[in-house]
Structures are given as C-alpha cells and as structure tokens.
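Participant: Chain residues, written in single-letter form:
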Amino acid sequence: QVTLRESGPALVKPTQTLTLTCTCSGFSLNSDGMCMNWIRQPPGKALEWLARIDWDDAKFYSPSLKTRLTISKDTSKNQVVLTMTNMDPVDTATYYCARIVRGMTISYFDSWGQGALVTVSS
Amino acid sequence: QSALTQPASVSGSPGQSITISCTGTSSDVGNYKLVSWYQQHPGKAPKVIIYEDNKRPSGISTRFSGSKSGNTASLTISGLQAADEADYYCCSYAGSREFVFGGGTKVTVL
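Protein chains in written order, with the numbering used here: chain A, 1 to 122; chain B, 1 to 110.
Chain A on its own, in the form it takes in the complex:
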C-alpha cells in the first residue's frame, strides 16, 4: 500500500525558509519511473505544481518559483524534501506531495499525501 505523508511547520514568518518533508512508504524512491512532486493549494483556490524529482535524481521546477525552490531526496529514509526561501503571506497554502509512476510517458499523479497546511504570518 502506497502512502505519502507530509510534515513540516504549520506556521512560518515572512522571509523565513520553509522546509517540508514527504515520507513515502510502499515503494522505493529509487525504483525506475518513480517521480515525486510537490503541489500546493492556497485556501479556496486552485492547485499549483511546484517541483518534481525523479528516480534518477533529475529535478524540475515551476518557472515562476524556480529561484526559491529546492527539491531533494534522501533514499535511505525514502523521503523527499522541498525547501522554499523568502516565504510570503501569499505562500499560505496546503502543500501536497504526489507521485507519478512514469511509464511510456510522464502521465498523472496517482497517489497523494493528506497535505500539510502552512500559514505564513508574523
């Protein structure tokens, strides 16, 4: 059974750096085709894709947030980590990690975590 669980601070101050961890179970991040993503959703608003890291350590970022994001993985712990610098109140959102299993193409998010609500406020 695949499970994803996000963890991190519920509250950060403006200008601080956010670090979120996604702990994965039921599969290995090193397995061929495993692509892990971070997606966020401000309260009452739409989903926004942020970043992706693949089984071969390839990394991809949202063009609009690229300068603020870093995605990495710790295969010994089967965890994916997202850092976002210079946090602002507009970054208040629920942050989800989600998996893609890449076959012939990069396709769809088949598993999601429950989400972690992060509020940015002084």
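Source of the hints: derived by calculation from the structure; they are not laboratory data.
Please note that a few of the clues may not be correct.
Unchecked claim - Computed spacing ranges between beta-carbons, pair by pair: (1) G103/A / S78/B: 26 to 32 Å; (2) A82/B / D56/A: 40 to 46 Å; (3) Q1/B / A58/A: 27 to 33 Å; (4) D56/A / G79/B: 29 to 35 Å; (5) N31/B / K45/A: 24 to 30 Å; (6) K45/A / L110/B: 22 to 28 Å; (7) S17/B / D32/A: 35 to 41 Å; (8) T119/A / T62/B: 38 to 44 Å; (9) G95/B / D88/A: 26 to 32 Å; (10) D57/A / G95/B: 18 to 24 Å; (11) S11/B / D57/A: 44 to 50 Å; (12) T75/A / T76/B: 40 to 46 Å.
Stated by the list, open to error - With a Cα cut of at most 30 Å, we get these calculated BS3-like pairs of lysine-lysine: (13) K47/B / K45/A; (14) K55/B / K45/A; (15) K77/A / K47/B; (16) K13/A / K44/B; (17) K44/B / K66/A; (18) K44/B / K59/A; (19) K45/A / K68/B; (20) K47/B / K66/A; (21) K106/B / K47/B; (22) K45/A / K33/B; (23) K66/A / K33/B.
Beta carbons: idealized from backbone N, C-alpha and C, even for Gly.
Please arrange chain B on chain A, whose structure you already have, making use of the hints.
Facilitator: For chain B alone, kept in the frame of chain A given last:
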C-alpha cells in the same frame, strides 16, 4: 490566474449528465495526450479520475469519461449522484512548464 480555464461551477440534478470544459493552448492541452482530471472533496486530497485524456484508473466508475478536441478537454459525469458533489481540476503536461492546472470547477448536485 490558472493556466487552464474551467467554469467556476456546474450543477445538475441526480441522474443527469454534466460536462466540465478545460481550455488550454497548443503548448499544453493541444500538444500532448496527457490531460488528467482530479476530484477533490472538501478537506481531502485530490484523487485522479481520468488520465491520458480519456483513460480511467482501476476502480473509477464508468460514469466518469474524458474527451478532447483541439485545445479543449472535457470531463463528463453521467448519472449524477450526490457523492459526485466536489471540486474538479484538470491538469495537463506542458513541456518545459511541466504541469499546469485549471482553476477548478465546483459541481453541485441539486
């Protein structure tokens, strides 16, 4: 402002069919057979119901179907049920932009 355009809301009576549109461009929806649709109930994570334009994952009801014409994808829910009341998001692979989402559509069962 989301990259893909969806109607803010769609409603229908139980048993009816409704269709949600998702309009993108030739750089995303129109360029790849990689539109997916997600259902999200309040306070829950999204759940995939359609992928690669018109495929259903195992366990998803046949009442959900997807199609595409040019730069516009569509999700049809037939035999509308109370449990279908949720937010629905389209998503498309977009090459260098990776993935783009629609603004979401709230489905109300009257």
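Participant: So, for every hint listed, does it hold in this structure?
Facilitator: We went through each hint and held it up to the structure:
1. Distance hint check: the CB atoms of G103/A and S78/B are about 28 Å apart, consistent with the given range 26 to 32 Å.
2. Checked against the given bound of 40 to 46 Å, the beta carbons of A82/B and D56/A, roughly 44 Å apart, stay inside it.
3. For Q1/B and A58/A, the Cβ-Cβ distance of about 29 Å falls inside the hinted range of 27 to 33 Å, so the restraint holds.
4. The hinted range of 29 to 35 Å is not satisfied by D56/A and G79/B, whose Cβ atoms lie roughly 43 Å apart.
5. Here the CB-CB span from N31/B to K45/A is close to 26 Å, well matched to the stated 24 to 30 Å.
6. In this structure the hint that K45/A and L110/B lie 22 to 28 Å apart at CB holds, the actual value being about 25 Å.
7. Taking 35 to 41 Å as the suggested C-beta distance range, the pair S17/B and D32/A conforms, at roughly 40 Å.
8. At about 41 Å, the CB distance of T119/A to T62/B agrees with the hint of 38 to 44 Å.
9. In this structure, G95/B and D88/A meet the distance hint of 26 to 32 Å, their C-beta atoms being roughly 28 Å apart.
10. A beta carbon spacing of about 21 Å between D57/A and G95/B agrees with the range 18 to 24 Å that was offered as a hint.
11. At roughly 46 Å, the beta carbons of S11/B and D57/A sit within the given window of 44 to 50 Å.
12. At roughly 41 Å, the beta-carbon separation of T75/A and T76/B lies within the given 40 to 46 Å, and the hint holds.
13. With a CA separation close to 17 Å, the supplied pair K47/B and K45/A stays within the 30 Å bound.
14. Taking the CA atoms of K55/B and K45/A, the gap is about 26 Å. The hint holds against a cut of 30 Å.
15. With a C-alpha separation of about 26 Å, the suggested pair K77/A and K47/B falls inside the 30 Å cut-off, and the hint holds.
16. For the hint linking K13/A to K44/B, the alpha-carbon distance of about 26 Å falls within 30 Å, and the restraint holds.
17. With a C-alpha separation of about 27 Å, the suggested pair K44/B and K66/A falls inside the 30 Å cut-off, and the hint holds.
18. Under the criterion of a C-alpha separation no larger than 30 Å, the hint pairing K44/B with K59/A is consistent with the structure, at around 27 Å.
19. Distance restraint check for K45/A and K68/B: the Cα-Cα separation of roughly 25 Å lies within the 30 Å cut-off, and the hinted pair is therefore satisfied.
20. Annotation: proposed proximity of K47/B to K66/A holds, straight-line Cα distance about 26 Å (limit 30 Å).
21. The suggested pairing of K106/B with K47/B holds, with an alpha-carbon distance near 15 Å, which does not exceed 30 Å.
22. With a C-alpha separation of about 26 Å, the suggested pair K45/A and K33/B falls inside the 30 Å cut-off, and the hint holds.
23. Straight-line distance between C-alpha atoms of K66/A and K33/B comes to about 26 Å, which keeps the hinted pair within the 30 Å bound.
Figure legend: structure checked against the earlier numbered hints; the only hint not met is number 4.
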